[in-house]
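Build the full structure now, drawing on both the sequences and the hints.
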Amino acid sequence: MANNIEEIMSYSPAELRVGKETYVSLYAYDPALKKLRRKRYKLNHIKPAAERKRYGRDLCVRLNEQLRQGWNPFIDAESIKGYAKFEDAVTDWIRRQERLMRDGITREATYVEYASKVRNLLRYNSKLKAPATYIYQMDARYLNDFLDYIYIERGNTAKTYNNYIRVISVMCKFFLARGYMNNDPTAKIKSISKSRLPQKERNIISSSDLRKIYEYLSEHNKHYLLACYLEYYCFVRPKELSLLQVGDLSYKDRVLLIRREVAKNRKEQITTLPDVVINMMVDLEIHNYPNSYYIFSDKFMPGRDRRSEKTFRDEWLKMRRKLKLPENYQFYSLKDSGVSDMLDKNIPTIAVRDQARHSSVSVTEIYAQKRARKANADILRFEGEF
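Just so you know, we're using UniProt numbering here: the sequence shown kicks off at 1 and counts up by one.
Since the hints were derived computationally from the structure, they do not count as laboratory data.
None of these values were measured; they are calculated from a predicted model.
Among these hints, one or two may not hold up.
[To be verified] Mimicking EDC-like on lysine to aspartate or glutamate, the simulated pairs with C-alpha atoms at most 20 angstroms apart in a straight line are:
#1 Lys310 x Asp103
#2 Lys222 x Asp298
#3 Lys264 x Asp148
#4 Lys117 x Asp184
#5 Lys117 x Glu87
#6 Lys190 x Asp148
#7 Lys345 x Asp209
Listed below in structure tokens is the structure:
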């Protein structure tokens, strides 16, 4: 950053100009124009002329002292960090997020989202006729223009628009705390009201399509079928699947341990292993591998190396194309389908809530509401006294 500072701190000293118009003039580096620019302080409003000259000489002394100390009249930044290059500061923030992910502090999905959205911000900036050069230039006006580009020009959804605001807000708060900014430019940027957003659709996989998936994977990839079973029957999230180890299985207690460092909510929990899942694990001889092995490694077989959560979705995409299944079937649809099917089999809502590790019964009942969109047979036959 040394070269950036030297560039910005270049200036010509302040001088008093006396004539028809009296003013103090200096030249300082304007980052937006990338060159020296004149700054004038008009003094004609000061009366009388002798006092105007005296004030002008004193102003020159004060301004030149400030210039020597690194002040720049064209930069609204109290900290020298405000001179950091825009791209460097944003890239450093993403590297920090990557480290937090590697240390298990944030989820991989969080890092992937942050990195993706910030890459789009950098691409947008690089295409501007007058791109932001320094981090202080990322103000509210700049960000509103970027968000309009995301929502209007790119045609992304209102939910995506809100997600961009959320990610950028996290980044700006970091810059504010570290002295790169004097204020949070996202503070007055409003999200689109959640009540106006389209409700999340739960994509339930039909029984016939579940059978197609089972038959295909039984023949081509039984270990990936096990991953699908754990998603459908045990509601294990993709990130959790990627971190499961053989030692997390208890055949005696018939449960799967979701360790604190693995769970999304950072709380140690268990999920019941139905007979159909236990039988598949026995058939695949999962119990014969060391406890430290990841259940899903290369080719989704147990091994020393962990696979990323993305690989589960990538494998699903390949299978979906092969079977020509609807595009709205996502890997996570297996969980939605499993919850819905359990409720259809009249398994108590509280039991389903605990298996799915939902925060409350109301979350589980979202699935019940969807499956209940059909006429009640008893009410159809009702004939009252009216």
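Here is how each hint holds up against the structure:
1. Lys310 x Asp103: holds (18 angstroms)
2. Lys222 x Asp298: Holds, because 13 angstroms separates the two Cα atoms, which is no more than 20 angstroms.
3. Lys264 x Asp148: violated (32 angstroms)
4. Lys117 x Asp184: holds (18 angstroms)
5. Lys117 x Glu87: holds (14 angstroms)
6. Lys190 x Asp148: The given pair, whose Cα atoms are some 12 angstroms apart, holds under the 20 angstroms limit.
7. Lys345 x Asp209: Status holds; Cα separation ~19 angstroms.
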